[in-house]
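Novice: In case you want the letters, here they are:
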Amino acid sequence: MSATPQVPTMQNDSMEDRLYTVSYDDPGESHLDVKVPDICTDSCETSDCMAVCPADVWRREDTDDLPTIAYENCLECSSCRFACPYDNVSWEYPTTGSGVTYKRG
Amino acid sequence: MNDKSTQAAGATLLDERAGDAALEAPNYDNDFDAIIVGAGLAGSAAALTMAQRGLEPLLIERGKYPGAKNVFGGVLYTPTIRELTDLDSAPFERYIGEKRFSMLSHDDETAVSLKPGDWHREPHNDSYTVFRGDFDEWFAEQAVEAGATLVTETTVTDLVREGGGIVGVQTDRPDGEIRAPYVVLAEGGNSLVSEGADLKAREDRTNIAVAAKEVLEFPENDEAIEDRFRLVGDAGVSYHYFGEGAVGEAYGGGFIYTNDDTVSVGVAYSLDDAATKRQSPEETLNLFKSHPAVAPLLKDARTVEYSAKTIPEGGAETMPDLVHDGAVIVGDAAGLVLNNGVHLEGTNMAVESGYYAGDTIAKAAENGKTGASALQSYPERLENSYVVQNLERYAWLTERVEEDRDLLFEQLPRAIADASTEYFRMDRSPKATHAKAAKQRIFETLGGWKGATKLALRYRKLVR
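Here the protein sequences line up with chains A and B, keeping their order. The opening position of the first sequence corresponds to residue 1 in my numbering, with each subsequent residue numbered one higher. The opening position of the second sequence corresponds to residue 1 in my numbering, with each subsequent residue numbered one higher.
Watch out, some of these pointers could steer you wrong.
To be verified - Within a straight-line C-alpha distance of at most 27 Å, the following computed DSSO-like cross-link-like pairs (lysine-lysine) qualify: (1) Lys439/B to Lys461/B; (2) Lys115/B to Lys299/B; (3) Lys64/B to Lys103/A; (4) Lys299/B to Lys103/A; (5) Lys454/B to Lys439/B; (6) Lys461/B to Lys115/B; (7) Lys277/B to Lys35/A; (8) Lys439/B to Lys450/B; (9) Lys431/B to Lys450/B.
Since the hints were made in silico from the structure, they are not lab data. Computed from a predicted model, the values in this text were never measured in an experiment.
Sequences and hints are given; from them, build the entire structure.
Specialist: Right, dumping it as structure tokens:
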């Protein structure tokens, strides 16, 4: 008898593969931005945008940096906009049908 | 019939014109009796209701089709939709024949399963799994068939005001201003238009849940869903999971819903916890899927779709003003979501609010009245309906559970699992010894009879 219950190993897709499951039309420019760059570089130590994003849109090596925004990953959940303690996320709806398209949802 | 097909043809014509808007920039001003921002379930319910009352509403959707931008867990409750339209052609996946509530500690599961025979009989307690991509498109079609006009791939960017009142919307199409006497804001929980127009404030993150979900298929096993969830015919299940095994240290839960030939698996939990406990949605979903009680159900599955969304869970206390001069707010944009752990509802309340908004506007239009006072019966009727009554009934609960979260989601699940282990232990001691040990384990956690009584008192309103 083994000491721990036998559990089948879950083979989870990588983030890249997961994001491949939804279709995406690039609007050409980011629908996401930071409102005031200085707030990110001078005040923000926690990078909550990065912590809560389900799609690795927000990335930041160091708390002195501005986050980079991989907007083409965005699933349009808006968690970054609500999570930012400085209300410093600029979020616009992607225009004319662009952005993510869910088939099932 | 003739009347309907003419209207549908008219709608198609306008649709095509809208599609060529970049070239022609048509002027829609005063063509429509009302503008609805968002063709989700609330918006289409409002459009359908207005169209049935003889109005010509314009339904504006930013996605490629209604539902393209929409995500939910998976179960739709249909009592009101059934009143509004014929459900025979509705794209249902499965009806809910079993609800299961499960507490997960690190490696234990304690579950309760409910399978009332009545749920297997039509109309199946009006509970069905659906895909929003299918269902929202179908529901918007019902509105169009009744006389509404649908324009897709068009984003409302702002409201148009005149003399303090709201008189239309600005869209991202060239010359994209459209005017109408009434505007229904059904844009969802990420309410950029309502917020931009100062009709509501950004919701505090303690009132927001973040959710990540996967639709999974079983490519090597056609019978996987029927076998693993013990299903016959169109029956399906909704499994709900709580505790640290479901969402780690966060406040929230996990779920599995069965669709026709896929399952929807996801987690939804406090956005504030995601930030402060550094718990990413993707990692939380992976951990839930790997729990010893969950992984066997999902073995050898393949991801068909990954999705995410935020859920406004502020309830009755954080609802914005629903009526403004020329506009009303419905659905998720109005914060109409109930999550008390046992009941997870939102889309049904969206439909209900859309119906009341549509009906109120139809009555105002019949009387030739505009302005906020003409629309006041919308929030009044909503307050008298199950929507606000339910939100108020459970308003106290979230706060209470938040205070007791360690006890309810970590200590107690462990204690119950340990107590079960003791109670059913197979050794050579008498049962009385086991029962005593089990009882002691539970009482340790609750703080004796006194603690147990206090806990029961704190939650007595649940059974009132």
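Novice: Each hint: holds or not?
Specialist: Hints versus structure:
1. At roughly 25 Å between alpha-carbon atoms, lysine 439/B and lysine 461/B fall within 27 Å of each other, so this suggested pair holds.
2. The suggested pairing of lysine 115/B with lysine 299/B holds, with an alpha-carbon distance near 25 Å, which does not exceed 27 Å.
3. In summary, the hint linking lysine 64/B to lysine 103/A is supported, as the alpha carbons are separated by about 10 Å, within the 27 Å threshold.
4. Distance check on the hinted pair: lysine 299/B and lysine 103/A sit about 24 Å apart at the alpha-carbon level, within 27 Å; holds.
5. This hinted pair checks out: lysine 454/B and lysine 439/B have alpha carbons roughly 17 Å apart, not beyond 27 Å.
6. Of the pairs offered as hints, the one joining lysine 461/B and lysine 115/B holds, with about 25 Å between alpha carbons and a cut-off of 27 Å not exceeded.
7. Taking the CA atoms of lysine 277/B and lysine 35/A, the gap is about 25 Å. The hint holds against a cut of 27 Å.
8. For the hint linking lysine 439/B to lysine 450/B, the alpha-carbon distance of about 14 Å falls within 27 Å, and the restraint holds.
9. For the proposed pair lysine 431/B and lysine 450/B, the alpha carbon gap of about 26 Å is at most 27 Å, so the pair holds.
In summary, the structure agrees with every hint in the numbered list given earlier.
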